[in-house]
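Q: So the protein sequences, as listed, match chains V and X.
When you line the first sequence up against our numbering, it's residues 1 to 268, in that order.
When you line the second sequence up against our numbering, it's residues 1 to 290, in that order.
In short, the hints are calculated from the structure, not lab data.
We put the beta carbon where it would ideally sit given N, CA and C, even for glycine.
Treat the hints with caution; some may be incorrect.
[To be verified] Selected chain X positions facing chain V (Cβ under 7 Å, derived; list incomplete): (1) G22; (2) C145; (3) P147; (4) T148; (5) I153; (6) F158; (7) P161.
The residues making up each chain are set out below.
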Amino acid sequence: MKLLRRTAAAFLIAVFIAVLFAGVLVPVPYAKQFRDSPNAMPSRIHLLGTDELGRDLFSRLLYGSRISLLLAPAASLLATIIAALVGGVAGYAGGWLERIALGGTDLAMSLPWLFLLLAARAVLPLNLSPAASLLITFALLGFFGWAASARVICAGARGLRDSDFVLQAKACGCSSRRVLLQQVLPNLRPALFAQFLISIPVFILTEANLGILGLGVSEPLPSWGGLLRGLENWSAVQANPARLAPLLLLLVVVSCFQLVLRQEDFAP
Amino acid sequence: MWTWTGVLFRRIGTLLLTALLGGILGATLVRFAPGFGVDERELDTRLHEDSIQALRRSHSEERNVLQFYASYLAGAARGHLGVSHSFGRPVTQLFAERLPVTLRTVALGLAGGWMLGLLLALPVVRLRGWSFDFFASSTSGVFLCLPTAVVAILFLYFRGPVALAICVVVFPRVFRYARNILVQTYALPHVLTASAKGLSTLRILLWHIFPVAAPQILALSGVTVSIALGAAIPIEVICDSPGIGQLAWQAALSRDLPVLVNMTLFVTLVTLTANSAADLATKAFETRPV
C-alpha cells in the first residue's frame with residue numbers, strides 16, 4: 001500500500017511539473033487552429049490528434065490540466081479560509097454564534113452543491129470573457145465549498161475551547177483575540193490542512209461537471225470540464241480514441257489524490 | 001415519549017425555517033442576476049406602449065425580493081405556486097408532470113445504490129481476502145473519481161436507464177462507508193468471541209454486527225438522498241429525462257424566478273427531511289432497549 005501511495009504521489013508530482021512546463025513541452029499554443037487538419041488522427045505533430053476546430057488536443061490537455069490543477073487548490077484555499085473563519089470563530093465563541101454558524105452550514109449543506117453552483121453560475125452573465133469565467137468558476141467553488149469543512153473546524157475549535165491550555169491562557173489574562181490567534185488557530189492547522197487537501201479532488205470533479213454542462217471555463221481556454229465536453233461527440237471519440245485522454249488523466253489524477261489523501265491519516 | 005415529541009417538533013421547526021431561508025437565498029440570487037425582469041415580449045414592435053407598461057408592471061412585484069417572497073408564501077398557502085415565465089404554465093402543473101419522473105428515478109437509483117454498495121461491502125468483510133476487496137474497492141474507486149456528467153454521457157451512449165446512472169453515482173459512497181464501518185465492527189471483541197464460539201455467519205451478522213453498525217450506516221442515508229438529487233441534475237439534462245433536475249437546469253438558464261424559488265424550497269425540504277429522518281432513525285436505534 002505504501003508503494004502504491006508513493007507511486008501515486010510521484011505521478012501527481014510528475015503531472016504538476018508537466019503542466020507547469022506545458023509551454024516547453026508543447027510548442028503549439030492551445031488556441032491555434034490548424035484549419036487544414038480538423039479532427040486529425042494522432043501523429044508526430046499532433047500527439048493526440050486535433051479537435052473539430054483543428055486545435056492540438058495534447059496542447060489543450062496540458063494547458064487544461066494546468067488550469068484545473070492550479071486553480072482547484074486556489075479554490076480549496078479560499079474554501080478553507082472561509083471555513084476557518086466561520087468554523088473557528090463559531091466553535092471557539094460557542095453560544096448563539098455557534099448556533100447561527102451551524103444553522104448556516106446546515107442550510108448550505110442541505111442544498112445539493114451542484115444545484116447551488118448552477119443557480120449561482122447561471123445568474124452571472126453568460127457572455128463572460130474566458131479569463132473572467134475562469135476566475136468566477138473557481139471562486140464559486142471556493143465560496144460554496146466551505147460548509148462541510150466549517151463543521152469539522154467548528155468541532156475542532158469547540159474541543160480546544162475547553163482544553164486545559166486555553167483555560168490557562170484565559171486565566172493568565174490573555175484576550176480572546178490573542179487566545180484565538182495564538183492558541184486555537186495553530187492547533188487547528190492539521191485539520192485545516194486536511195480539509196484543504198480533501199477539497200482539491202472534490203473541486204476538480206465539480207469543475208468538470210460544470211464544464212460538461214457548459215457553465216464552466218469558457219472557450220477558447222481549455223479546462224478538464226471543457227475537454228470532457230468533447231465526449232458528447234461519440235462518433236469523433238470512436239474515430240480517434242485518443243480523445244478519451246482527458247477522461248483517463250482526470251480519472252488517474254483524482255484516483256491518485258484519493259490514494260494519497262487517505263482519511264485515516266488525518267484522524268486525530 | 002415527551003422528549004421524542006419535543007425533538008420531533010424542534011426538528012420540524014428547524015426544517016421549515018431552513019427551507020424558508022433557502023427559498024429566500026434562491027430568490028435573492030435570481031433577483032440580482034443580470035437580465036432579470038427583462039421580458040423579450042417588450043421588444044415586439046407591434047405592442048402598444050400601454051401593453052409594454054403592463055408587462056413591466058407585472059415584473060415590478062418581483063423586483064423586491066421580500067415582497068415577492070411574502071406574496072409567494074401567501075399564494076403557496078392557498079396552493080398557488082406561481083406561473084413559470086419561461087414555460088408560461090403554472091409551476092404546480094410543471095411539478096406534477098416532472099416530479100414523479102425524478103422521484104421514481106431517484107428512488108430506484110437510491111435503492112439500487114444501497115443494495116449494490118451493501119452487497120459488495122458484506123463479502124469484503126466476510127471473505128477477508130485481498131482479491132475481492134481490491135476488486136470491489138478499485139471498482140467503486142473508479143466510479144468515485146468519475147464526474148457525474150461523464151457517467152450521464154456514458155449512459156446516454158449505451159442507452160442505460162437513468163435510474164441506473166444514479167445508482168452508479170450512489171453505490172461507491174455507500175460501499176466505501178459501509179465497508180469501513182463493517183471492517184471496524186467485525187474487529188470488535190464480542191464479534192471475535194462469537195466467532196470463536198462457533199456461531200453461524202448469519203447469526204453473527206444479524207445479532208452482533210447489524211445492531212452495532214446499523215446506526216452509523218443509517219446516518220449516511222440522508223446524505224445519499226442529497227447526493228442522488230444533485231446527481232439527477234446533470235443526468236437528466238444530458239440523458240434528456242423530463243424530470244425536475246432538467247427543469248431546474250432550464251429555469252436556472254432562463255432565470256425563471258417562480259420555478260427556482262419552488263425548486264429551492266422543494267430540494268431543501270426533501271434533503272432536510274431525509275437528513276432529519278436519518279438522524280431520528282439513528283437516535284431511535286441507539287436508544288432502543290437492549
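Q: Next step is simple, just say for each hint if it's right about the structure.
A: Okay, the hints, checked on the actual structure:
1. G22: For G22 (chain X), the interface hint holds, since the closest Cβ of chain V sits about 6 Å away, which is under 7 Å.
2. C145: holds, 4 Å
3. P147: holds, 4 Å
4. T148: Holds. Min distance 6 Å.
5. I153: holds, 5 Å
6. F158: Violated: closest Cβ of chain V sits about 10 Å from F158 (chain X), beyond 7 Å.
7. P161: Violated - the Cβ of P161 (chain X) stays beyond 7 Å from chain V, reaching only about 18 Å at its closest.
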